[in-house]
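Participant: Given next are the chains, with one letter for each unit.
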Amino acid sequence: MMHKRKPRSSRLAAILAVLTLGYSLISPVTWAGEAEDKGLEIAARSDRSDTGFGDSEVTAVMTLTNAAGATSTREMYFKTLERASEQVGDKSLTVFVTPRDVQGTALLSHAKILEPDDQWLFLPALKRVKRISSANKSGPFVGSEFAFEDFTSTELNKYSYKFIGEEEFDGMKVDVVERFPLYENSGYTRQVAYIDQEVYQTRKIDFYDRKDTLLKTLTLSDYREYDGVWRAHTLTMQNHQTNKSTTLSYGDYTFKTGLSDNDFDKGVLKTIR
Amino acid sequence: MALALRNSLPCLVTALASLASAPETAHAGEWEVSGSAGLEMRTFLERGAYPRQLDTFQPSLQLEGDIRWTDAENRWDFVFVPYARLDAKDGDRTHVDAREAYVRWNGDGWTVRAGLAKVYWGVAESRHLVDIINQFDTVEDIDNEDKLGQPMVEISTLQDLGQLTAYVMPAFRKRTFPGEEGRFRTPLLVDNDLARFDGGRDDNADVDFALRYSHYFGDWDVGLSFFHGTDRDPRLILDPARGLFAPYYDDMTQVGVDIQYTHEAWLWKFEGIVKDTPFETFAAAVGGFEYSFYGITESGADLGVLMEYQYDGRSDDPAIAPITTADNDLFGGLRLALNDAEDTSILGGVIVDLNDGSMSGLVEASRRFGDYWVVELESRFFANVDNTNILYGLRKDSQVTLRLTRYF
Numbered sequence: 001m002m003h004k005r006k007p008r009s010s011r012l013a014a015i016l017a018v019l020t021l022g023y024s025l026i027s028p029v030t031w032a033g034e035a036e037d038k039g040l041e042i043a044a045r046s047d048r049s050d051t052g053f054g055d056s057e058v059t060a061v062m063t064l065t066n067a068a069g070a071t072s073t074r075e076m077y078f079k080t081l082e083r084a085s086e087q088v089g090d091k092s093l094t095v096f097v098t099p100r101d102v103q104g105t106a107l108l109s110h111a112k113i114l115e116p117d118d119q120w121l122f123l124p125a126l127k128r129v130k131r132i133s134s135a136n137k138s139g140p141f142v143g144s145e146f147a148f149e150d151f152t153s154t155e156l157n158k159y160s161y162k163f164i165g166e167e168e169f170d171g172m173k174v175d176v177v178e179r180f181p182l183y184e185n186s187g188y189t190r191q192v193a194y195i196d197q198e199v200y201q202t203r204k205i206d207f208y209d210r211k212d213t214l215l216k217t218l219t220l221s222d223y224r225e226y227d228g229v230w231r232a233h234t235l236t237m238q239n240h241q242t243n244k245s246t247t248l249s250y251g252d253y254t255f256k257t258g259l260s261d262n263d264f265d266k267g268v269l270k271t272i273r
Numbered sequence: 274m275a276l277a278l279r280n281s282l283p284c285l286v287t288a289l290a291s292l293a294s295a296p297e298t299a300h301a302g303e304w305e306v307s308g309s310a311g312l313e314m315r316t317f318l319e320r321g322a323y324p325r326q327l328d329t330f331q332p333s334l335q336l337e338g339d340i341r342w343t344d345a346e347n348r349w350d351f352v353f354v355p356y357a358r359l360d361a362k363d364g365d366r367t368h369v370d371a372r373e374a375y376v377r378w379n380g381d382g383w384t385v386r387a388g389l390a391k392v393y394w395g396v397a398e399s400r401h402l403v404d405i406i407n408q409f410d411t412v413e414d415i416d417n418e419d420k421l422g423q424p425m426v427e428i429s430t431l432q433d434l435g436q437l438t439a440y441v442m443p444a445f446r447k448r449t450f451p452g453e454e455g456r457f458r459t460p461l462l463v464d465n466d467l468a469r470f471d472g473g474r475d476d477n478a479d480v481d482f483a484l485r486y487s488h489y490f491g492d493w494d495v496g497l498s499f500f501h502g503t504d505r506d507p508r509l510i511l512d513p514a515r516g517l518f519a520p521y522y523d524d525m526t527q528v529g530v531d532i533q534y535t536h537e538a539w540l541w542k543f544e545g546i547v548k549d550t551p552f553e554t555f556a557a558a559v560g561g562f563e564y565s566f567y568g569i570t571e572s573g574a575d576l577g578v579l580m581e582y583q584y585d586g587r588s589d590d591p592a593i594a595p596i597t598t599a600d601n602d603l604f605g606g607l608r609l610a611l612n613d614a615e616d617t618s619i620l621g622g623v624i625v626d627l628n629d630g631s632m633s634g635l636v637e638a639s640r641r642f643g644d645y646w647v648v649e650l651e652s653r654f655f656a657n658v659d660n661t662n663i664l665y666g667l668r669k670d671s672q673v674t675l676r677l678t679r680y681f
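As given, the protein sequences belong to chains A and B, one line each in that order.
Each residue of the first sequence is one higher than the one before, counting from 1 in our numbering.
Each residue of the second sequence is one higher than the one before, counting from 274 in our numbering.
Extracted from the complex, chain A is given alone in its bound form (with noise of 0.2 Å):
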């Protein structure tokens, strides 16, 4: 028996040797839970880059290009509150400006970590706020690229992390690491971000839908510096599936303007319009 087993557990560990020689000229981590702890600590390296920005408004032009070139616009603002635990999400209220058939209309989400966010709508037209269902996070924002998720699931304890490696994106050298949604009713398997190593930010994401095939690609570029606090200024979401893609552009954002729980309680929808 021993005779026998022998030549084919050298052979087993010949192949285990290749395997892991093989590996490790792509990833420098041998062990499991390597990649995972070093995934997590670029990713909360990178959230917690913005700790304090406190709160801030932003206006911003989305940019919807389809398939034959063809564009349309939305002119929106962006509310954000911080809110300092890493255990509950942040607070934000987006308000469409254009087009002129949905001005004032309003979304107000309260973030969650791994439950379901807390969503109202607001509807100028009626004069009314509806709570709404968080359950649709893969579909389309206000017909964009952007799913709901791109938008409110950014907060560090959504996902788990895998750092893949070391990469150059765009003249900087980037921290490649894959990440998992953890919540609900996600329409990706993962998602690869490209993190630089200099200002800790976000620069690209692969998203991988529920087949695992490459869906879409946001590149986060024209970032600037707000007191130490990091912003991009121009996202573009890329859907390699349809060819169409839609363009976020901000303005200057304004950081500390006073926001309170009261600006983002359901109760302020009623004042916006």
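Just so you know, these hints were derived from the structure itself, not from any lab.
Given the structure is predicted, the values throughout are model-derived calculations rather than measurements.
One or more of the hints may lead you astray.
[Unchecked claim] Derived list of chain B stretches under chain A, where covered just means 3 residues or more per stretch with a C-beta under 8 Å from a C-beta of chain A: (1) 390-401; (2) 426-439; (3) 556-568; (4) 571-584; (5) 611-621; (6) 638-652.
[What the hints assert, rightly or not] Here are some of the chain B residues that sit facing chain A, going by a computed Cβ distance under 7 Å: (7) Gly382; (8) Asp494; (9) Gln533; (10) Ala538; (11) Tyr680.
Don't be surprised by glycine CBs; every beta carbon is placed ideally from N, CA and C.
Please arrange chain B on chain A, whose structure you already have, making use of the hints.
Facilitator: Coordinates of chain B only, in the frame set by chain A:
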């Protein structure tokens, strides 16, 4: 009238366009002007049930402005929303209104607003039961979603325990009714000049009061409301000498509750009221669900399924209580949202009277073209209407409306 309308349309549109020459994002300390102009064609599928009612086509024009100003500190808002409907066939549908015309002061956790305003309460889709502040502009549509601006002083406070709002309403607005040539009307015309109020007065001098509490607890959104004043919904009293209906607006007290439970793709909704009038005290309720199937197509369309049951315990004697269709009825509907760049959506629904099988239905579809144009198609139809149901008067009023609106 039709010719006059056609000739004046370009002038009106030009005037509105020049008024709204440079609409921009609301900037504190600046005026913001926007608006819309809509051309509407209602097409009735049958001759009217009553003599002199308009035949097939009812063209009309709809104009709305929106003028607002906010001071640099975001403490003061001024809002003016004028509205006009010019109807080529029904003179009584032609009317102007200030939907909103108010000044608001925004303090820390407090707002005070005075003027004409629109308020929405409730959660249900098929019947707006607790929603009592504004008079309905029923010549616009019979779905109780078009409202006349209500004169009020509103004081609202937002605290950790929720939002509490008090309303004092010093003036009453009568419901609008179609004229002789209009559709969606009673067999005899309603004459608002004959309106009567409690105490035998022909003018309403009462001041109405209301209180509203609104908050959410996890997945539960809860509203409680109290109203004391003049019913927006009149009893219609036959005036045999004139051959007309005189609207009688009773004093009443109403308490209401509205609850929505939101879980996953389910919205469970309930609205209930208890109403005390000089003649009776009764309860009414509407409740049901909305369930959404998300991402039913590759492009991310949603399909919503709606169902609601309507109950109303009021007397069916029109001398005691305003008549209602929603006494024991079931509503079922589907809402398809394509979630495309044009915001294309279609809503279809049917309400069936469980007592006599009378049915009324509606289809509403809309789509934006370019940045400024919206095309809407609406249809309302009546089928199998029992001759004892109040819908019987509307049985010939099945129609299709096409509306083209330009936003500025």
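Participant: Would you mind marking each hint as holding or not holding in the structure?
Facilitator: The hints, checked one at a time:
With 4 residues having a beta carbon nearer than 8 Å to a beta carbon of chain A, the stretch 390-401 of chain B meets the requirement of three or more and the stated coverage holds. Judged by the Cβ-Cβ criterion of 8 Å, the stretch 426-439 of chain B is covered by chain A as claimed, because 4 of its residues qualify and three suffice. Residues of the stretch 556-568 of chain B with a Cβ under 8 Å from some Cβ of chain A number 3, which satisfies the need for three, so the listed coverage holds. Given as covered by chain A, the stretch 571-584 of chain B passes the check, having 3 residues with a CB less than 8 Å from a CB of that chain where 3 are the minimum.
For the stretch 611-621 of chain B, the stated coverage by chain A is satisfied: 5 residues place a CB nearer than 8 Å to a CB of that chain, which reaches the threshold of 3. Residues of the stretch 638-652 of chain B with a Cβ under 8 Å from some Cβ of chain A number 5, which satisfies the need for three, so the listed coverage holds. Because the smallest distance between the Cβ of Gly382(B) and any Cβ of chain A comes to about 6 Å, under 7 Å, the interface hint for this residue holds. A hinted interface residue such as Asp494(B) counts as satisfied when its beta carbon comes closer than 7 Å to some beta carbon of chain A; here the least separation is about 5 Å, so the hint holds.
Given hint, Gln533(B) at the interface with chain A, holds; its Cβ is 5 Å from that chain's nearest Cβ, closer than 7 Å. The criterion of a C-beta within 7 Å of any C-beta in chain A is met by Ala538(B), whose closest approach is roughly 5 Å, and the hint holds. About 3 Å separates the beta-carbon of Tyr680(B) from the nearest beta-carbon of chain A, less than 7 Å, and the hint is met.
The earlier numbered hints are all upheld by this structure, with none contradicted.
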